[in-house]
Amino acid sequence: MDADAQSTSTSTTATSRAVDLTAVPAIPGAPKPDAVIVGDKITRKFGGLTAVDVDHIEIQRGVITALIGPNGAGKTTLFNLLTGFDVPDSGTWSLNGGSLQGVASYKVARRGMVRTFQLTKVLAKLTVLDNMLLGATGQRGEKLLSALFAFRWRGQEEENAARAHELLTRFKLDAKRDDFAGSLSGGQRKLLEMARALMVDPELIMLDEPMAGVNPALKQSLLEHVKSLRDEGRTVLFVEHDMDMVRDISDWVIVMAQGKIVAEGTPQAVMQDPAVIDAYLGAHHDTDLREMDEAALEAEAQAELEAQADGKATP
Amino acid sequence: MTTTPQQRTAPAVQAARPHPQAITSLVLGVAGLTLTAGITSPFAWWKGQQALAAIKDAPDQYRGRALAQIGRVLGILGTVLLVVWLVLGFATDVLPVDVGQVFKTALNQALGPNAIVYALAAIGLNIHFGYTGLLNFGQAGFMAVGAYGLAVSVVILETPFWLGIVAALVAPVVLALVLGFPTLRLRADYLAIATIATAEILRLAFGSVELKDAFGGSNGLTGYASAYQDLNPYGGPLDLGFVEFSQRDLWSVTVGWTLVGLSLLLVWGLMRSPWGRVLRSIREDEDAVRSLGKNVFAYKMQALILGGVFGGLAGLFLALKQASVVPADYSTNITFFAYTALLIGGAARVLGPLAGAVIFWFLIAGLGSFFGQATSGPDPLMPTFIMDDTQASLVRFIVTGLGLMLLMIFRPQGIFGDRREIAIDGR
Amino acid sequence: MLQRLLTLLALLMVLLFPVAAAHAGGESESPAPSPSSEPAPRPDGPYVTVRLVDKDNDDAPVAGVTLTVVSEAGEEIASAPTDADGRIIVPIPALGVYTVTLDEATLPDGIELSSSVESEIEVRAILDGANGGLFPIGTQEVTTVSFAERFVTSLTSGIKFGLIVALAALGLSLIFGTTGLTNFAHGELITFGAIMTYVFNRGLGLPVILAGAAAVLVSALFGWVQERGLWRPLRKRGTGLIAMMIVSIGFALLLRNVYQYTIGSSRKSLSQYVSQARTDYGPISLADKELAIIVIASVTIVIACVLLLKTRLGKAMRAVSDNPALSASSGMRVDGVIASVWILGTALTGLSGVLLAINSQVNFLMGFKLLLLVFAAVTLGGLGTIWGALFGSMVIGIMVEVGPLFGVPSSIKEVGALVVLILVLLIRPQGILGRRERIG
Amino acid sequence: GDGDTTEPSAGESTDSSEPSESSAPAETGDGVLTFGSLLPETGSLAFLGPPEFAGVDLAVQEINEAGGVNGEDVVHVRGDSGDADSGIAPAETDELLAAGSDVIVGAASSGVSLTVIDAIQAAGVVMFSPANTSTAFDEPPYDSPDLYFRTAPSDILQGAVMANLLIEDGRSNVAILARQDAYGETLAEQVAMNLENAGSSVATTVFYGENAQSFDSQVDEIAAAGGDSLVLIGFEETATIVPQLITAGAGPQDIPTYFVDGNTADYSEGGSTPLPAGVLEGTKGTIPGADTGGEFQERLLGLNPDLDSFAYAAESYDTVIVSALAAVAAGADDGESVGAAIVDVTIGGEKCTTFADCVALLDDGADIDYDGVSGPIELGELGSPTAASIGIYEYKADNTIEAVDYISGQI
Amino acid sequence: MSESTTTTPEREAHLAAAGDAVLRADALIGGYLPGVDILNGADLYCNKGELVGIIGPNGAGKSTLLKALFGLVKVRTGTVVLDGEDITNMRADELVTKGIGFVPQSNNVFPSLTIEENLEMGCYQTPQKFPERFAFVTDIFPRLGERRKQRAGSLSGGERQMVAMGRALMMAPSVLLLDEPSAGLSPVLQDEVFVQTRNINRAGVSVIMVEQNARRCLQICDRGYVLDHGRNAYTGTGQSLGSDPKVIQLYLGTLGAS
Ligand SMILES: Nc1ncnc2c1ncn2[C@@H]1O[C@H](COP(=O)(O)OP(=O)(O)OP(=O)(O)O)[C@@H](O)[C@H]1O
Ligand SMILES: Nc1ncnc2c1ncn2[C@@H]1O[C@H](COP(=O)(O)OP(=O)(O)OP(=O)(O)O)[C@@H](O)[C@H]1O
Ligand SMILES: CC(C)C[C@H](N)C(=O)O
Ligand SMILES: [Mg+2]
Ligand SMILES: [Mg+2]
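Residue numbers (this note's numbering), protein chains in the order written: chain A, 1 to 315; chain B, 316 to 742; chain C, 743 to 1182; chain D, 1183 to 1593; chain E, 1594 to 1851.
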């Protein structure tokens, strides 16, 4: 049944692409027409360090939102907070209007919000296929009582396996299907992590640097897949340092720095925002390094770092 | 300057079929142990070895690793038996040791009630540790509550026998719940200490003078097992030549191996299911499983309870076959030995606990008997300045310790385990 | 948390000081068995005998007090005054229960039965000869010790025990912290230190101090040999940690039985310092050997900790524990680091065995019995952290010895410590000084 | 047991037990009277193993020299009972049973015996302990006539002797430190009860666990209780406790201390567990058993010249002789028949003191009353001696013991 | 030494150019599990002062190749030669003594050590150089200086990567092996890493770097290898590879190439 959902939806939903974000003001914490996630005053401190201090955040349904920002800006921590893997010091947030405060991480996932991990978490001594199958939801065979009776879950299992195989092929992991996941290379783990999250068939998928370490050619083909997810009506939120990817697929970009949201907007707009360029992109990130004057580049990096340091001094 | 990357040949997955030699090996192996008195066993060993190699080389084409493995193990066992039988003939004349007796003692224990206790306890540990990764070092505690569940109900509370059995099965569930709620969020090594501590607390409490009225102090409790013996349908002992059981043991062995068989069936059924997959995933990385929407805690609790019930069952069976419940029987050592049995067989393998328990007792009893004989009598095989009869009873533990070490060194995956799995995790 | 605990302890010490000091002088004299001056003739068959002595008056016999002996059937057997020795001897016709009544009116002036004592007792005569009874006279002088004083004594014992545990825990923690090995043979390493002391002392005739020092050296050597001969080859084969843990269980079984094989199962005592009386140091009274144990253990622990903090070894250890491959990539000789840790760890553990041998005795099971407490200590503090091991050991040591004062049944006093362990893990699943891991 | 009702001459009962002639060491009742000894080779009572084994071996030797039982030599299979802590007794028992034991001699420790008693009885094998003194064996569920017997008197007697000894010595406030097991608990209880009835008070009773690693808190508790004497009921751990008592100011030289059968051992320089000379001087201890006399000890030394203790050797010897006599009387060697005849050969009838003499009497059709080396051995209904002697020993300056008195009594 | 592999003209041409390379690997065959080869005869050389880039699909064996050079993966046949000395399967810490530095792709920090201690481990063999090198590294990554007492295990992904890179820079090696040093870093820091790598290289350090940021990698490297299925698929100068349409189609993709 789950497998059907995917194949049918591809055909039906070219409509959701229509979500128009042009009307949304490009200010931090901008309200969205149809927000799937709404968060308020979320803070998380580690000792003296405020890792996350988000005043207001909304994620639009049915689009691809990119979350970018310098290293240590608090992106992963925000993911952890939203998905119940970490507990904030304060704040409220909700998914589809339902509060997620104090909701256990697995329940968050069950409500349709699934995340991947920046440092991959593969199940090393399970095969790649088993890793995938674990992702499937609503499995009858996962209940202790029906697990004993194979006829109750056989059919479902086969459907899931077919779907898993499809995804694996797409992620170029099909040849590794029966290998232990622990024997995958760094990039393959990233791929598996993402493919497994897709097995959950989530409404909102949160990817933490999904393409770091993925080969460019493969990345390109995967981006198509991510777009198709959106076209199926799903919401995608991802963290990425790869600007090509951000530019190519995101509909909306949120910029974080030092725990705060400092800018929002369409990719084009954000990438031209001088503040973002200064703090994050660097003026020459599109230039060929061979042609570039090193001194200039270094000065620029220095400038960014100083800006960060200043920001830290006055929190 | 350029070479084209060559395409990987991905073989059709459906083509995988059991390797024919695996089946041959299994058949020969079984035959070796039953019909042919060991003659076919070396062939079973050989075929099994071949099949394993073939399957390893082409894992895509062949299935049946388990079959080949079993065939091979049976083959090895049968070959050993064969050699022993051959050696017996003249050795008994040469050595002042009755090798036949040694062998018989060993086999008696390997197939007797003690092995059943360990097999059941190890089945429980297999669920805890092998599949779910819960490092439960308190299996002795589960066994104790199982045994005391029966004894206390029948002796102290004077309930009928069958209610005692029910109590013995409910008690481990309660213990699992009480223990699980606080400790299941602990990291594996902390959990190990917490469970070991709980088991010791239970043992000490059961044996304490202060609670003597409820648990009988360190004398323990007796006088509950007659109902069990009354059910004994056997009229006399059984002597098959290579093993023999008294009338009592025969009944215990029947009940016990039936329980073990049913338990293994249950474990097999569960572990091939998606439920089992979730458990194995939890063993690898809890957070990943959580992120996929599984209630990790609930699964761990189910595993703890299920494994605990098997532990309780082991305790219950021990209590029944031994007809006494004594706190000293439930010391940490028994947990260690159950782990030993599990790992000899291979963790996370359905048949691991069974094979392990049988081999463990075979060694312990065989060595004990051999050295016992070698040091006793007017003209012992071992000169007394090397080993006297007291020391002889230690040698089996020394050898067991050594054996366990060697096993882990040369075959860390146990008899049924998968070498590749072990190789996966570098630290 | 730690601070508050320490303050509390300090406060208690201060409070208890005067109380304990006050008592320090009063020692109970030891009454020697009192031989009857002039034994009265004893009959051949069974008889009931009662002797009266005045506790207030240096156990002087009390003569002329009338005692009546009545049989179970109510028949009076005899009624007679005590003789010059304060005794009556009444032959009885048959074995059974006899009631003896003292006529209080016949007590000499100024002499009274101890309060709380009845004037009637029951003698169960089942012996063929004397079946004795007793009426305590005078104030029963029982020198019981105040709670505060007992607390101080227990606390001292606890600290001593805790320090011994701490040495072993430190050794365990070092090895665990570096190699990740949960070493179930650690108890046997404690035993090793003790047995070596015994061997050097009784076997080679060295004085205990020298024997102990030699034992520590041999322990260190044993650690190195183990590492070279067993653990390193295992690591080279890529053996997993669980498998290594099982190897350690097997190794423990092996060692334990080899010990028993060689020295036997009985307890062995050293040739010196076995029985030492205590001297008073302010509120605390300690025997010389106890003082030595406390001092040696503390000094060693301090030295070891400084060593680990000040030298590269300490960091290298943690680095190796985190990631051996990366450590090697940083230019560390991983095997060398691990070997040093084994040497240091087993030396510390061996010392703990030496001190335990001096404190109690040598037995092949001594370390095994201590193992669970050592594990508990290491866990309580937080696995793999050095301060955690020390802190945990002190908590465990003190809990074990002080617990009985607060109602823990002393036959199962270890339970108290284990319960504390579990409670602590409830509140801090990572141990008292452990750290949580970051997710994601 | 119900030995009184069964005629000893009921030789025909052999047919019912149908020994399978051919199969070698199989079931109980195969024609060969097999003794399995379940005695401590290891563990905390290991120091009692040698004399006990020597006793069994001596008896077996003498029986076979006298022509065996029912025409066959008797056989002795050794087993190690370990201690309750090592828990090897049950498995060892299975092995002894598998070896076709008809009578199991043992165990020494009451705690160990309780772990195997049901299994042995259920196998229809006699369990005959030379050293169990716990009262537990005369209480439910072991109070019914069954297959359990012992030659050591229950601690009711040792408790009374000990209490009496204390009172005779003028102790009026006694502290008790006891090992927490079947033996320690019941003996402590008996001593305390007898003391209190007789007018003395008990300052405190402290138990320590068999596994205890540190005894500090218990020792402190004893030292703090202020008793005028101490009864120390334990096994081998005594060697650790005594020095700690001395350190705590409550050693035998500070507070008169009394030992019991579990720890009245040789603590001299030559023994296995030496204590410094002089620390035990004057300490008294009780061990069940009559004066065995030099001649018997000579015979034991002939078998095992290394013996340094003779505790329970006589009792062990007697268990074997009594069982053998019972087998002769019953004309069968299966456990049930032997068990049924045991009580009868120890009471009522013509007195005899050696196996050969007794067999001769039995052959004449007489009813016999065997009087053993360890005492008159009058087994009561419960299979325990009803009359016995308890030896009182005192430590000399070199920590060896010397018998000062033997007191006999009835239970 | 290379008899086991088929000799193709390309391969011969490639090897002929090797000349007196500092580090040279010939026909490496090896892997993690017995019987499973990941490297199927990869060749590689790096001349003195050269910056060599390796790219290729996921699972091609790039990391494995670096580990094999560094003695962390068993080389079954083939040799690794450093300055004329055979260093095949040599212990990692000896290689460090010989001047090779290595930054692994994953698990590249010591989580329970602080940042400062992590960097200290970088110059484990030469502790006296610590202050000077530390200043150098914190100059490049000031964040590491600010947070020197933070445990590396609690760092964000990018911060970890800085620590990993920093540790290698502490070593001052003569040959540096980098496995995806830019992964997880913000764009500006990625650029910084590439520039620094080039600077180090220009200062005379031979560098071999594996990268998935292929565009940047090929921009700065002197020579590049494309690895696939454990053997060299293409080799050439950075520029020629970056513009080879086949390479682009198979490995680089067109995204962002603009
Ligand atoms: N458990 C922790 N203890 C202390 N500091 C922490 C902890 N977790 C995160 N931090 C700090 O909080 C800040 C935010 O971390 P986070 O992982 O959210 O960054 P990020 O935006 O995901 O960065 P990157 O792009 O590098 O992944 C970092 O500076 C990090 O060092
Ligand atoms: N520890 C391991 N055990 C077994 N096989 C492994 C192990 N690590 C990697 N492999 C296998 O080796 C092959 C090459 O892995 P490697 O890590 O070298 O790839 P890579 O080229 O670095 O890829 P990526 O770009 O994704 O990092 C992969 O197929 C992988 O499955
Ligand atoms: C051998 C004896 C010390 C045994 C002791 N009498 C007991 O019953 O446990
Ligand atoms: Mg991050
Ligand atoms: Mg890689």
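Hints are computed from structural coordinates only; laboratory data are not their basis.
No experiment lies behind these values; they were computed from the predicted model shown.
Worth double-checking, as some hints may not be accurate.
What the hints assert, rightly or not - Below, in silico cross-link-like pairs of lysine-lysine (DSBU-like), each with a Cα-Cα straight-line distance of 30 Å or less:
1) E/K1742 - C/K1052
2) A/K143 - A/K260
3) A/K107 - A/K227
4) E/K1691 - C/K978
5) E/K1742 - A/K260
6) A/K45 - A/K260
7) E/K1742 - E/K1722
8) C/K978 - E/K1641
9) A/K260 - A/K41
10) A/K260 - A/K227
11) E/K1722 - E/K1691
12) A/K107 - A/K143
13) A/K41 - A/K107
14) E/K1691 - C/K1052
15) E/K1722 - A/K227
16) E/K1641 - C/K1052
17) A/K107 - A/K45
18) D/K1533 - C/K797
19) E/K1641 - E/K1722
20) E/K1742 - A/K41
21) E/K1742 - A/K45
22) E/K1641 - E/K1667
23) E/K1691 - E/K1667
24) E/K1641 - E/K1691
25) C/K1111 - B/K527
Tell me if the straight-line CA distance from E/K1722 to E/K1691 falls inside 30 Å. Distance ~17 Å between E/K1722 and E/K1691 Cα, so the pair holds.
Satisfaction of hint between A/K227 and A/K260, Cα-Cα up to 30 Å: Holds, at about 28 Å.
Does A/K143 pair with A/K260 here, judged by a C-alpha cut-off of 30 Å? Violated, because 42 Å separates the two Cα atoms, which is more than 30 Å.
Does C/K978 sit within 30 Å of E/K1691, going by the straight-line distance between their CA atoms? Measuring from Cα to Cα gives roughly 23 Å; hence the hint holds.
Hinted pair E/K1742 and C/K1052, Cα distance within 30 Å: This hinted pair holds, its Cα atoms lying about 17 Å apart.
Is the straight-line distance between the alpha-carbon of E/K1691 and that of E/K1667 30 Å or less? Between E/K1691 and E/K1667 the Cα gap is close to 19 Å, so the pair holds against 30 Å.
30 Å limit on alpha-carbon distance, applied to hinted pair E/K1641 and E/K1667: holds, 25 Å
Quick one, are E/K1742 and A/K260 close enough, alpha carbons at most 30 Å? Within the cut-off at roughly 24 Å; holds.
Holds or violated: E/K1641 with C/K1052, Cα cutoff 30 Å? violated, 39 Å
Between A/K107 and A/K143, is the straight-line Cα distance small enough, at 30 Å or below? Distance ~16 Å between A/K107 and A/K143 Cα, so the pair holds.
Keeping to a limit of 30 Å between CA atoms, is the pair of D/K1533 and C/K797 held or broken? With a Cα-Cα distance of about 50 Å, the restraint between D/K1533 and C/K797 is violated, given a limit of 30 Å.
Decide if the proposed pair is consistent with the structure: E/K1641 and E/K1722, CA atoms, cutoff 30 Å inclusive. Cα-Cα ~24 Å, so holds.
Violated hints for the displayed structure, listed by number in ascending order: 2, 8, 15, 16 and 18.
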